[in-house]
Structure formats: structure tokens, C-alpha cells
Amino acid sequence: MDDSRTSPASPSAMRVVDVQVPVAVDQAYSYRVPRGLELKPGDVVGVPLGPREVLGVVWAENPNPDPRLHNRLKDVSEKLDVPPLREELRRMVDWVATYTLSPRGQVLRMTLRMGEHLGPERQRMGVRLVGSPPQRMTPARRRLLEILSDGLLHSKSDVAKEAGVSPGVIDGLVDEGTLSVEAMPREPAAPIPDPDFSPADFSPDQAKAAETMRELVQAGGGFRAALLDGVTGSGKTEVYFEAVAEVIRQGRQTLILMPEIALTGQFLDRFALRFGVRPLEWHSELTPRTRARNWAAIAAGEARVVVGARSALFLPYGDLGLIIVDEEHDQAYKQEDGAHYHARDMAVVRASIAKIPIVLASATPSVETEVNARKGRYQRIPLPSRFGGQHMPQIEAIDLRRAPPARGRFISPVLAEQIGHAIEKREQALLFLNRRGYAPLTLCRACGHRFACTICDAWLVDHRFRQRLVCHHCGFSMPRPHQCPHCGAEESLVAIGPGVERLQEEAASLFPNARTMVLSSDLITSIETMRSELNEIAEGRVDIIIGTQLVAKGHNFPRLNLVGVVDADLGLSNGDPRAAERTFQLLNQVIGRAGREQGRGVGFLQTHQPEHPVMKALVACDREAFYASEIDIRERTLYPPFGRLASLIISAGDRPTAEGFARKLAGCAPVDERVQVLGPAEAPLAVIKGRYRFRLLVKSVRSFDLSNYLRSWLALGPKTKGNLKLEVDVDPQSFL
1 MDDSRTSPAS
11 PSAMRVVDVQ
21 VPVAVDQAYS
31 YRVPRGLELK
41 PGDVVGVPLG
51 PREVLGVVWA
61 ENPNPDPRLH
71 NRLKDVSEKL
81 DVPPLREELR
91 RMVDWVATYT
101 LSPRGQVLRM
111 TLRMGEHLGP
121 ERQRMGVRLV
131 GSPPQRMTPA
141 RRRLLEILSD
151 GLLHSKSDVA
161 KEAGVSPGVI
171 DGLVDEGTLS
181 VEAMPREPAA
191 PIPDPDFSPA
201 DFSPDQAKAA
211 ETMRELVQAG
221 GGFRAALLDG
231 VTGSGKTEVY
241 FEAVAEVIRQ
251 GRQTLILMPE
261 IALTGQFLDR
271 FALRFGVRPL
281 EWHSELTPRT
291 RARNWAAIAA
301 GEARVVVGAR
311 SALFLPYGDL
321 GLIIVDEEHD
331 QAYKQEDGAH
341 YHARDMAVVR
351 ASIAKIPIVL
361 ASATPSVETE
371 VNARKGRYQR
381 IPLPSRFGGQ
391 HMPQIEAIDL
401 RRAPPARGRF
411 ISPVLAEQIG
421 HAIEKREQAL
431 LFLNRRGYAP
441 LTLCRACGHR
451 FACTICDAWL
461 VDHRFRQRLV
471 CHHCGFSMPR
481 PHQCPHCGAE
491 ESLVAIGPGV
501 ERLQEEAASL
511 FPNARTMVLS
521 SDLITSIETM
531 RSELNEIAEG
541 RVDIIIGTQL
551 VAKGHNFPRL
561 NLVGVVDADL
571 GLSNGDPRAA
581 ERTFQLLNQV
591 IGRAGREQGR
601 GVGFLQTHQP
611 EHPVMKALVA
621 CDREAFYASE
631 IDIRERTLYP
641 PFGRLASLII
651 SAGDRPTAEG
661 FARKLAGCAP
671 VDERVQVLGP
681 AEAPLAVIKG
691 RYRFRLLVKS
701 VRSFDLSNYL
711 RSWLALGPKT
721 KGNLKLEVDV
731 DPQSFL
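In terms of the working numbering, the sequence shown opens at residue 1 and continues consecutively.
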């Protein structure tokens with residue numbers, strides 16, 4: 001009898017493979033290979049796992065299976081007709097899992113988001129003119145036949161719309177034999193971009209940088225890393241497009257990572273202007289069917305350029321030749337859930353494993369990248385001036401101690417006057433405040449009651465557009481009450497502090513004839529809505545833009561010449577060791593939106609600390625001074641990139657359990673003079689979603705294998721059980 005899933009083979013003839021399944025486990029499972037099924041490492045297979053069938057990847061041959069397990073092993077169910085995962089991607093999965101202490105299966109899951117179990121794709125049908133004209137001719141039939149007179153196959157729905165007829169008209173001609181119905185060929189998921197479609201007209205600085213970029217990918221194999229270091233508005237995108245064009249000519253693939261894929265409408269348009277078609281997109285809002293189609297095109301090597309969010313890094317590219325990380329400094333590249341990884345750093349790892357070049361692009365590089373460039377590990381490709389001869393914005397500090405806003409207001413008279421002048425000149429103004437909603441706190445004037453989240457250690461944020469009080473950490477919300485729930489007083493609730501919604505209210509009061517728009521992540525209903533709003537601004541249909549950090553991410557607003565930062569000190573007071581760096585980057589990027597195409601841009605920083613090193617560096621436009629100071633501080637204190645950090649967050653449903661486990665875990669830490677274990681201490685956000693949180697911070701010298709130390713420590717420590725949870729974050733970006 002032939003082998004089947006239930007018929008055993010002799011142990012000596014049995015072939016066994018280890019299959020990694022995309023679930024949160026670190027080990028591979030062994031399966032028998034049915035006779036006649038050819039398998040090799042990297043093949044995507046279906047296997048039984050408990051009561052269900054799951055996808056998996058053959059990770060390795062098992063040459064010495066335990067004979068005692070022979071009758072307990074299950075068979076591989078099937079081999080999927082998809083390209084196998086290449087060795088470089090499997091090595092990448094292993095590397096990320098080892099470095100981040102994440103289960104290998106959890107990392108693998110990101111590579112297999114192919115939209116499985118969707119069933120066969122619906123076949124698109126077309127019609128073609130094949131027979132003689134019908135006996136009865138109507139105006140509708142005549143219009144239809146004129147369009148089909150070319151003898152080509154046309155989509156049934158498209159041709160009906162073009163001719164202005166109902167599907168019934170087409171069906172009638174099919175019945176009479178005038179038309180035939182045929183299956184439409186499958187449309188390619190991604191047309192091949194034309195590298196010579198519309199070459200850019202470069203400035204001398206850009207031309208020099210573009211030539212360096214071409215040389216980077218022409219060098220013929222091998223890992224190389226470059227920092228494309230250009231001021232805002234210098235045309236970095238058009239320059240790295242030249243590297244993309246060269247890779248397309250080589251017939252290979254390019255991955256362009258972006259921090260916020262929802263905000264890339266302008267980028268996609270620029271890509272199409274340069275290459276004639278749009279690139280393939282990869283992000284969380286793709287439909288399952290589009291996700292499946294795109295995944296297959298990427299794995300088969302058909303998609304030559306992929307633009308995606310951080311998860312696109314783990315896709316199974318058929319022949320990846322270049323990685324570009326745009327806005328490499330952006331905090332959004334850090335994955336905070338599941339496997340804690342930084343997409344910029346892991347992109348460098350993938351490029352190294354695949355032996356291909358990588359380009360990191362930014363106007364304000366991360367300190368880690370800046371140090372790598374200064375030490376010669378990364379090649380620096382500078383773009384020191386704006387395209388078209390435009391000047392960098394002039395920056396001024398408004399000392400709020402000397403020019404404070406009126407009581408109950410947040411816009412200084414100095415800034416308000418400048419906004420008025422901009423509107424008179426028909427220019428746009430941007431008010432930046434990195435705080436969503438109407439106000440960060442609501443309290444009762446009668447009794448002092450403050451509205452707090454019921455399950456988090458956080459205040460509820462007033463959102464007037466939605467008429468709700470919302471927790472930004474767990475999503476809890478409640479209607480805004482008309483009286484205090486604590487003392488019952490009516491009309492006693494008052495909003496404390498500004499959010500962007502309150503800022504719009506103030507701007508409308510100051511400039512009643514101006515058209516305003518708020519850009520904030522909590523107001524985005526879809527990618528299309530966001531792109532539509534950005535287009536409205538770009539077309540000049542908005543006078544005053546009020547926005548959070550969304551407005552800092554690479555947008556081009558031609559009429560924007562004035563940027564006002566309402567609270568420049570906001571990011572400096574949270575105890576984050578990267579606070580100065582992030583504030584400098586964010587404010588530099590925001591102000592860099594001004595004066596990119598016409599006129600001279602100007603930025604105003606409303607601050608209570610004009611003497612702060614960050615404010616002084618911004619006003620003086622002295623980036624070098626900021627980096628010199630920040631790098632010196634990091635080197636003296638052994639913070640990244642001169643040292644390494646890891647965060648261990650212990651959470652439980654009650655405080656004593658979380659604290660007790662954290663103290664036991666700290667007591668098990670192996671002693672090593674190269675490592676310092678700080679804590680446990682209550683996390684800054686002590687309660688989230690009803691879970692009490694304690695944190696241990698581990699600090700080591702840069703050359704130390706921190707991941708291996710953590711793995712050994714956790715093996716010695718107490719085991720989590722019940723409601724306890726332990727999260728390990730190597731190279732943390734958030735300290736909440």
C-alpha cells in the first residue's frame with residue numbers, strides 16, 4: 001500500500017524534517033515526509049498542529065530522528081505552490097529571534113502574512129467581438145460595438161461603463177453570438193517601473209550625491225551602508241531614486257521602508273512621476289486579497305519596488321538588491337508589541353546577511369547613525385542645501401516668560417501677529433502641538449475632581465470633536481458629563497491645557513476668516529481620507545494647519561512659509577534619555593516644512609527655556625553643536641550607542657504580585673562587572689489596562705552580549721504563571 005498520513009513507514013526508511021510554525025514558540029516540530037513528496041529547507045508546507053492545520057516552513061532536515069517517536073510523528077499534509085523562503089530570510093528570522101529574545105515562530109509569522117485560506121480568486125471576465133452584427137441594432141448596441149470593434153478583449157464592467165449601457169445589453173449580444181465571453185488574463189500585481197521614464201533635473205549637489213548612490217549599487221555585491229544626510233527640502237527622495245533606478249536595471253528588487261505608510265500619498269505620486277508607475281505597497285490596511293496578491297508578487301520577484309511599513313522588512317523577496325530606510329530617525333520604526341524590534345536596525349542586519357547595500361536617509365539622523373557615520377562605518381552622502389536655491393527657515397525663540405499668551409489662550413501675541421501677516425500674504429501657517437484632542441485634563445472647579453482612566457494610571461483626554469473623554473493608553477472612553485460625578489456640581493468642569501482641537505478653536509477666534517484644518521492620528525478614518533486632506537493643504541485650500549507629529553513626516557506644502565511650535569518644551573520633561581534628541585529631531589523636521597518652494601520660511605518656538613541647549617541649537621541652526629553635545633553626554637554616561645540597554649516589564653493584575661516577582665527576578669541576576677541592573681521600580685505609567693507594571697532596566701557596555709546574558713538570567717529566574725507577564729525589550733525606545 002502507498003504511504004498515507006496514517007500508515008507507518010519503517011523507521012529506517014522514514015524521512016523527517018523540522019518545521020517551524022508561525023506561532024509563539026521557539027522550537028521547530030518534527031514531521032514525517034510522505035513518500036513521493038519532495039521537500040527542502042525553505043519550502044512552505046501545511047502541517048497538522050493539534051486539532052488544526054497550519055502553515056509552516058521546513059527549517060532543516062532531521063537526519064537522526066528518534067526511533068521512539070516514529071509512530072507519534074504526523075505527516076506533512078502538503079507543499080504549497082509558492083516560492084520557498086530563501087536562506088538569507090531564514091537566517092534573518094533566526095537572528096532577530098535570538099537578538100530580541102522573541103520566539104522564532106513569532107518572528108516567522110511576519111513573513112507568512114500571505115492571506116491564506118481565502119479560496120480561489122474571483123475570475124474577471126471580458127468580452128470580445130467575434131460574430132456578425134445583430135439583426136436588431138439599437139443606439140446602445142451601436143455604441144458598444146464601436147468600442148469593441150478593435151477585436152481586443154475588454155473587461156465586461158469597464159466596457160459597459162464606457163458605452164453607458166447595462167450588463168443586459170452585453171448579455172443579449174453574447175446570446176446572439178456577436179460577442180464571446182472569455183476569462184481576462186491576471187493583471188500583474190505590480191507593473192515594472194521604467195528607470196529611464198523621467199530622469200530628474202539635479203542641482204550640482206544632487207548630481208554628485210546621485211552619482212555616489214549609483215556607484216553604491218553598481219559596486220558588485222557585498223554589504224555597504226550609507227547615510228544620505230540632507231537638510232529638509234534638499235531632494236533626498238529624488239537622489240535615492242537613482243539608486244532604485246540602477247537596481248531596476250539590474251532586474252533586482254528594492255525595499256523602501258517608511259515610518260508611516262498611511263502618509264505616503266505624495267511619495268507615491270513622486271515615484272510615479274519618476275518611473276511611470278506606482279510601486280507595490282505593503283501595510284496593515286491592505287485587504288486580505290490584495291495582501292495575498294502582493295505577497296505572491298514579492299516572493300516571485302515580480303514586484304521590483306516595494307514601499308512598506310516596518311513589517312515589509314520580513315517579506316520573502318525573490319531577489320532583494322537594495323534597502324532604503326526613509327526618515328531613519330523616526331520612532332515609528334520601533335515595534336512595541338509582540339516581537340520588540342527596531343526596523344532600521346534589523347534592516348541593516350538583513351542587508352548584511354543578504355550582502356546588499358542599504359541607504360539610511362534623514363535630515364536629522366539618529367545619534368546611533370550619526371556616530372556610525374563619524375566612525376566611518378557608514379558612508380556619508382551629504383546634501384547640504386535645499387533644491388532650487390531655497391533658504392533654510394529662519395528660527396526665532398519666543399520667550400513665554402516675557403511674551404505670554406492672554407489668560408486662557410496658548411498662542412503668544414508675537415506668534416499671532418506673524419500668523420496674521422502670513423494670511424494677508426496668502427501664505428499658509430502651521431501651528432504644531434504634539435498633543436491630541438482638546439485638552440489633556442478635565443477637572444471640577446468646585447471640588448478639584450480629576451477625570452482619570454478607570455484601568456490606567458492616566459488622565460482622560462477631552463476630545464470635543466467626538467464629545468468624549470478618552471484614555472490614550474487603553475482606549476477607554478466615556479461621554480463628557482454635564483456635571484461632576486464626585487460632587488454633583490453643574491457647569492463646573494474645566495479643560496486644563498491645550499490639545500490641537502483647542503488650538504483650532506483659538507485660531508478660529510483669532511482669525512475668523514481663515515480656513516483651518518486639524519491633522520491628528522485620532523481623526524484619521526482611512527488612508528484615503530488622510531491623503532485627501534494632505535492634497536487640500538498642498539493645493540492651498542487651507543490657511544492654518546494645526547497638527548501633531550503627523551505633519552513632520554516628509555510632507556511638502558508649497559505655500560507654507562510659517563511654522564509656530566506652540567509648546568517647544570513639551571518633549572523635554574519626561575525623563576526619557578533620548579528626550580533631547582527626539583525634541584531636536586521633531587522640531588527641526590516640523591520647521592523644515594516651511595519655505596520649501598517659495599519665499600523665506602520662518603519658525604517660531606514658544607518656550608519657557610530659550611537657554612536650553614536644544615533651543616539654542618535650533619535657533620542658531622547649529623546641528624553640529626547639538627550632535628557634539630549629545631554624543632559627548634552619551635559617551636560619558638555609556639548610553640546608546642556607547643552602551644546597551646534592555647528593559648524588562650513585569651505586569652500583573654495586582655501590585656504585590658507584580659512587585660514580588662520583579663524583586664525575585666532581580667535577585668537572580670547573574671553578577672557581571674560589565675552589567676548594571678537598575679530596579680525594580682514602578683514604571684512611569686504604573687497601571688495600563690488594569691495591570692500593575694514594574695520595570696527593570698539593564699545597562700551594559702557596548703561590546704557585551706546582552707541578549708545572551710538576558711537569556712541566561714531568565715533561565716535562572718522564577719517562571720511566570722497565572723496572571724503574570726514578563727516583556728523583554730532589547731534596545732528600548734520607550735521608557736513609559
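Please note that the accuracy of each hint is not assured.
[Claimed, not checked] Capping the alpha-carbon separation at 30 Å, the derived lysine-lysine pairs in DSS-like fashion look like this: (1) Lys40 to Lys553; (2) Lys721 to Lys689; (3) Lys74 to Lys156; (4) Lys40 to Lys74; (5) Lys79 to Lys334; (6) Lys699 to Lys725; (7) Lys719 to Lys689; (8) Lys553 to Lys425; (9) Lys355 to Lys334; (10) Lys74 to Lys208; (11) Lys74 to Lys334; (12) Lys616 to Lys664; (13) Lys334 to Lys40; (14) Lys375 to Lys616; (15) Lys699 to Lys334; (16) Lys699 to Lys721; (17) Lys689 to Lys616; (18) Lys699 to Lys719; (19) Lys375 to Lys79; (20) Lys375 to Lys553; (21) Lys664 to Lys689; (22) Lys725 to Lys664; (23) Lys375 to Lys355; (24) Lys725 to Lys334; (25) Lys553 to Lys334; (26) Lys40 to Lys208; (27) Lys156 to Lys208; (28) Lys699 to Lys664; (29) Lys689 to Lys699; (30) Lys721 to Lys334; (31) Lys553 to Lys208; (32) Lys375 to Lys334.
[To be verified] Pairwise CB distance ranges, derived in the manner of DEER restraints: (33) Val277 to Lys719: 32 to 38 Å; (34) Arg124 to Asp81: 18 to 24 Å; (35) Glu611 to Thr529: 26 to 32 Å; (36) Gln331 to Ile633: 18 to 24 Å; (37) Arg600 to Gly220: 21 to 27 Å.
Read the hints as simulated data drawn from the structure, not as lab findings.
Just so you know, even glycine gets a beta-carbon here, dropped at the ideal spot from N, CA and C.
How the hints compare with the structure:
A hinted pair counts as satisfied when its Cα atoms are at most 30 Å apart, and Lys40 with Lys553 does not qualify at roughly 43 Å. In summary, the hint linking Lys721 to Lys689 is supported, as the alpha carbons are separated by about 19 Å, within the 30 Å threshold. At roughly 48 Å between alpha-carbon atoms, Lys74 and Lys156 are farther apart than 30 Å, so this suggested pair is violated. The suggested pairing of Lys40 with Lys74 holds, with an alpha-carbon distance near 18 Å, which does not exceed 30 Å.
For the suggested pair Lys79 and Lys334, the alpha carbons sit about 34 Å apart, so the restraint of at most 30 Å is broken. The straight-line distance between the Cα atoms of Lys699 and Lys725 is roughly 22 Å, inside the 30 Å bound, and the hint therefore holds. For the hint pairing Lys719 with Lys689, the CA-to-CA distance comes to about 23 Å; that is within 30 Å, so the pair holds. Using a Cα cut-off of 30 Å, the hinted pair Lys553 and Lys425 holds, with the two alpha carbons roughly 26 Å apart.
The straight-line distance between the Cα atoms of Lys355 and Lys334 is roughly 24 Å, inside the 30 Å bound, and the hint therefore holds. For the hint pairing Lys74 with Lys208, the CA-to-CA distance comes to about 60 Å; that exceeds 30 Å, so the pair is violated. Annotation: proposed proximity of Lys74 to Lys334 is violated, straight-line Cα distance about 38 Å (limit 30 Å). The straight-line distance between the Cα atoms of Lys616 and Lys664 is roughly 46 Å, outside the 30 Å bound, and the hint therefore fails.
Only pairs whose Cα atoms come within 30 Å are accepted, and Lys334 paired with Lys40 is rejected, the gap being roughly 34 Å. Note on Lys375 and Lys616: the hinted pairing holds, with a Cα-Cα distance of about 26 Å set against a maximum of 30 Å. Taken as a hint, the Lys699 and Lys334 pair is honoured in the structure, with Cα atoms around 19 Å apart against an allowance of 30 Å. Annotation: proposed proximity of Lys699 to Lys721 holds, straight-line Cα distance about 27 Å (limit 30 Å).
At roughly 40 Å between alpha-carbon atoms, Lys689 and Lys616 are farther apart than 30 Å, so this suggested pair is violated. The hinted pair formed by Lys699 and Lys719 meets the criterion: a straight-line CA distance of about 23 Å does not exceed 30 Å. Restraint check for Lys375 and Lys79: not satisfied, since their Cα atoms lie roughly 48 Å apart, outside the 30 Å limit. The straight-line distance between the Cα atoms of Lys375 and Lys553 is roughly 28 Å, inside the 30 Å bound, and the hint therefore holds.
Restraint check for Lys664 and Lys689: satisfied, since their Cα atoms lie roughly 24 Å apart, inside the 30 Å limit. With a CA separation close to 14 Å, the supplied pair Lys725 and Lys664 stays within the 30 Å bound. Simply put, Lys375 and Lys355 have alpha-carbon atoms about 21 Å apart, close enough for the 30 Å limit, and the pair holds. Simply put, Lys725 and Lys334 have alpha-carbon atoms about 21 Å apart, close enough for the 30 Å limit, and the pair holds.
Of the supplied pair hints, the one linking Lys553 and Lys334 holds, its CA atoms being roughly 16 Å apart against a limit of 30 Å. Simply put, Lys40 and Lys208 have alpha-carbon atoms about 46 Å apart, too far for the 30 Å limit, and the pair is violated. Using a Cα cut-off of 30 Å, the hinted pair Lys156 and Lys208 is violated, with the two alpha carbons roughly 50 Å apart. Between Lys699 and Lys664, the direct Cα distance comes to roughly 19 Å. Compliance with the 30 Å bound is thereby established for this hinted pair.
Pair hint Lys689 plus Lys699 holds up; C-alpha atoms about 28 Å apart against a cutoff of 30 Å. Restraint check for Lys721 and Lys334: the C-alpha separation of about 28 Å stays at or below 30 Å, so the hint holds. Between Lys553 and Lys208 the alpha-carbon distance is near 25 Å, which keeps this suggested pair within the 30 Å criterion. Annotation: proposed proximity of Lys375 to Lys334 holds, straight-line Cα distance about 24 Å (limit 30 Å).
Here the CB-CB span from Val277 to Lys719 is close to 53 Å, at odds with the stated 32 to 38 Å. A beta carbon spacing of about 21 Å between Arg124 and Asp81 agrees with the range 18 to 24 Å that was offered as a hint. Checking the proposed 26 to 32 Å range against Glu611 and Thr529 shows it is violated: the Cβ atoms sit about 42 Å from each other. Distance hint for Gln331 and Ile633: a CB-CB separation of about 19 Å, consistent with the stated range 18 to 24 Å.
Between Arg600 and Gly220 the beta carbon distance is about 45 Å. The supplied range of 21 to 27 Å is therefore violated.
In summary, the structure is inconsistent with hints 1, 3, 5, 10, 11, 12, 13, 17, 19, 26, 27, 33, 35 and 37 from the numbered list given earlier, while agreeing with the others.
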